[in-house]
Each structure stands twice: as structure tokens, then as C-alpha cells.
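> As a plain string of letters, each chain reads:
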Amino acid sequence: MFFALEFPPINAILRWQDIFPSFNKIGLIAVVSAILVMVFYALANRANPMLAPTGVRNVAETSVEFIEEGIVMQTMGRIGLPWTPFLLSLFLFIFLANIPGVIPVLQMPATARIAIPLGLSLLVWVVYIGTGLKHQGLGYVGHLLWPPGVPVALKPLVGLIEFVSTILVTPFSLTVRLFANMLAGHILLVTFGLLTESLLFAKTSQIFLVPMSILPFIMLVFLTAFEVLVAILQAYIFTILAAVYINNSMAAHDEH
Amino acid sequence: MEAMSMLVQQAEEFTADEAKSIAAATNAGFAYGLAAIGPAIGIGYLVGKSVEAMARQPEAAGMVRTTMFLGIAFTEALALIGFVVFILLKFA
Chain E
1 MFFALEFPPI NAILRWQDIF PSFNKIGLIA VVSAILVMVF YALANRANPM LAPTGVRNVA
61 ETSVEFIEEG IVMQTMGRIG LPWTPFLLSL FLFIFLANIP GVIPVLQMPA TARIAIPLGL
121 SLLVWVVYIG TGLKHQGLGY VGHLLWPPGV PVALKPLVGL IEFVSTILVT PFSLTVRLFA
181 NMLAGHILLV TFGLLTESLL FAKTSQIFLV PMSILPFIML VFLTAFEVLV AILQAYIFTI
241 LAAVYINNSM AAHDEH
Chain B
1 MEAMSMLVQQ AEEFTADEAK SIAAATNAGF AYGLAAIGPA IGIGYLVGKS VEAMARQPEA
61 AGMVRTTMFL GIAFTEALAL IGFVVFILLK FA
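For the protein sequence lines, the chains are E and B, in the order given. By this note's numbering, the letter at position 107 of the first sequence is numbered 107, and the numbering carries on one by one without gaps. By this note's numbering, the letter at position 12 of the second sequence is numbered 12, and the numbering carries on one by one without gaps.
There is no bait here: all hints are sound.
Each computed DSBU-like pair below joins lysine-lysine, with the alpha-carbon atoms no more than 30 Å apart:
| hint | chain 1 | residue 1 | chain 2 | residue 2 |
| --- | --- | --- | --- | --- |
| 1 | E | 25 | B | 90 |
| 2 | E | 155 | E | 134 |
| 3 | B | 20 | B | 90 |
| 4 | E | 203 | B | 90 |
Worth flagging that the hints you see were computed from the coordinates, not collected in a lab.
Here chain B stands alone, though its shape is the one from the complex:
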């Protein structure tokens, strides 16, 4: 009960604007962190497989590389949308 009243007191020290910017900053961090997990796994898997393919068939390296960049571009887009959300939360 005492802890609760301390928390309430703590919360009352912030004005509405400050509380909003605290929430925005916290959520912005989570937004980008969570958005980066999937693309990180995806790009790692994609590049690993591409290197494997290039090592197995060096003569197809050019084609594999082009396709790899395409795949990276599509996968990365998800993380970048997360980054845009971060910017919007943090600054807008």
C-alpha cells in the first residue's frame, strides 16, 4: 500500500507532457527493437544461404548476388518501417 502511494506520488511529479514523452520514448525503443528481430533472422538466413550457394557454384555467383540483394531489400523493409514508427513516436 505504501509502495502504491509512493508510485502515485512519483507519477504526480510529472506533468502530462512529460509523462507523454516518457511513454513515447519507452515505446519507441520497444517498437524498433521488436521490429528488428524478424528481419535480423531473415537477413542472416538469406545471406548465409546465398554464401553457401556461391561457394557451391561460383559460376552462378553474379545471379545469386543480384537475387540476394533483392531479397535483402524486401526483408529489410520491415525493419525500416519499424524505424519510421520509432521516429514518429520519438519526434512527432
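Just chain E, same shape as in the assembly:
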């Protein structure tokens, strides 16, 4: 009514018929991506480690190397190398949950519903708080609230700010970043798909409108390529932020 083309209600683009109660396509995509990661590394593990790597193992070794060189060494240094398996599984799971957004037939990133990003960031939250408690004991709580060198008069204020930013804002922003990026991409693709369709099948006397549908279609193709980039980038950013947070609670304020 207020838009030139009628946008479907949000449930039509984000929700399908349940396959069976409380399990729909998004759940299916999430389960399949988790299983795919496991099968992939199980296959890679079967190859003989003494020979030069080929096929699946080659890809698996490249991915491990990418996480080690590109994320762990850049943010945590050598001390963080034991965290590689955790970060690798985070990265691959998020990537495989993102990429169905551009795969025909599936056409839905599982991370465009808030449940999966929220679950993942709560996992990261538990992990970095747990790491802090393990490495620094109960002193971690003090370090969390008061960075070194805060004047006594400012302690209540700084403590409040640090508490809110570490305990509340960090998992919230992790969640919203992944969720909103994938949802925005999905809605963008839906919009241009609808635009193409409604121009192509427009019942209008102005016949020159029909070939115009090539314009949104070109945009749709371009945006699909862009969404592949976003899927990789968001997985990378989520992983690197997890690494930074873990590193902060591991080594924080040793000088103090």
C-alpha cells in the first residue's frame, strides 16, 4: 500500500513449515553444518600423516594453518596455540551456517535467526569468563572491574562501566553483529529478487517496464557474490573477536 511493491510479512521470509514439531529448515541447516565439520575432519584424519597431504587432508591442513597464522598468532601469540581447535570449529561452523544464504534451494543463512548467534556468543562468554577465573583465580573479578591505575574516587563509576561493558555489552554486540549482518543480507537478496519478479511479470500497459527487470537482476547477482564475501568475513570477525576476548582474560594486567 505504501510501497511500490508489496513486501511479504517477516514470517514468510524467515520461517517455514516445521519439518516436525520445533524443528524447521534452520535447525536442519545448523545440524547439517555441525555434522559436515565433523565428517570433514574425520575424513582428513584418516589420511597417512607421513605422506604428502592430498585432497581432503590438504584442505583441512590449510584451514588449520589459516586459523593458526591468521587468527591465533595475530591476536594471542604462541601462548594461544592450544585454542586453535576451539576457534577452528567456531569459524567453520559459523561459515557453514552462513553460506546456505546463497546456495540455491536452501537460500537461508541459519545465523539470520538470533538463536544460533546468541548460543554461540553465550558459549564464548562462558569460555572467556572461565578462562579468566582459571588463569587469575578470583582476582580476575577485580581485574575485570578495575583496570590498573584507577583512582579510588573513581572506582565505583569505573567498576560499573567495566561491568556493563564486559558482562553485558560484549555478548550482546557479538550476537547482534553476526545476526544483523546475515539478516540484512538475506532481506537485501529477498528485496532484489522480488523486484526482479514483479517487474518481469508486471501486468502493465507500459511494455518497456518488462525488460527493465534485468537491472535488479544484475544487482541480485552482484549481491549474491557480495554475500559470499560477507559469510566468510563474519565468520572471521566472530572468531577473531572470540580470540581477542579470551586473550584479554588470559593475560590481562599481569604487570599489576
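Given chain E's structure and the hints, the job is docking chain B onto it.
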């Protein structure tokens, strides 16, 4: 005075639900547009400076790139919260 009565007449043609969805759609547009201004300036400045740093010291490019992505992630979050507000206004 005549213009006022025309406006009132116009307004009476919408039911409460329609008026609400008009207001929601208008405000949703403003919400995202305003939320995007700051992060746009921030990300532009950030990436520009990073490219400058990489051009000056190509050997530090890897480190600069990692830090750049971190900075982009933090800056972008503000725009994305604006986008979530847009979704909430438009559809909820």
C-alpha cells in the same frame, strides 16, 4: 484554516492501524538512515588510515589488517543496532 481541515480529513481516512504502520515505516527509515551516518564516517576514516599505514609499511600489513577488521567490527556494530531497530519498527 482550509488546509488544516483538509489535513484533518486526510488523517481521518486512515484507521488507527494504518496510521500506526505509516508512522512505523517512516520512523524505520529515519532510524536506519541516522544510525548509518556515524559508522559510515568511522569506517571510511579507519580503512583510509589503514591503507595509508599499509602503504607506508608493507611489512606490517598483516597486523594492520587484523586490527583494521577488529576496528570495523566494533564500529559497524552501531549501524547494525540501527538496522535491528529498523526491523523491530517495521515488522514487530
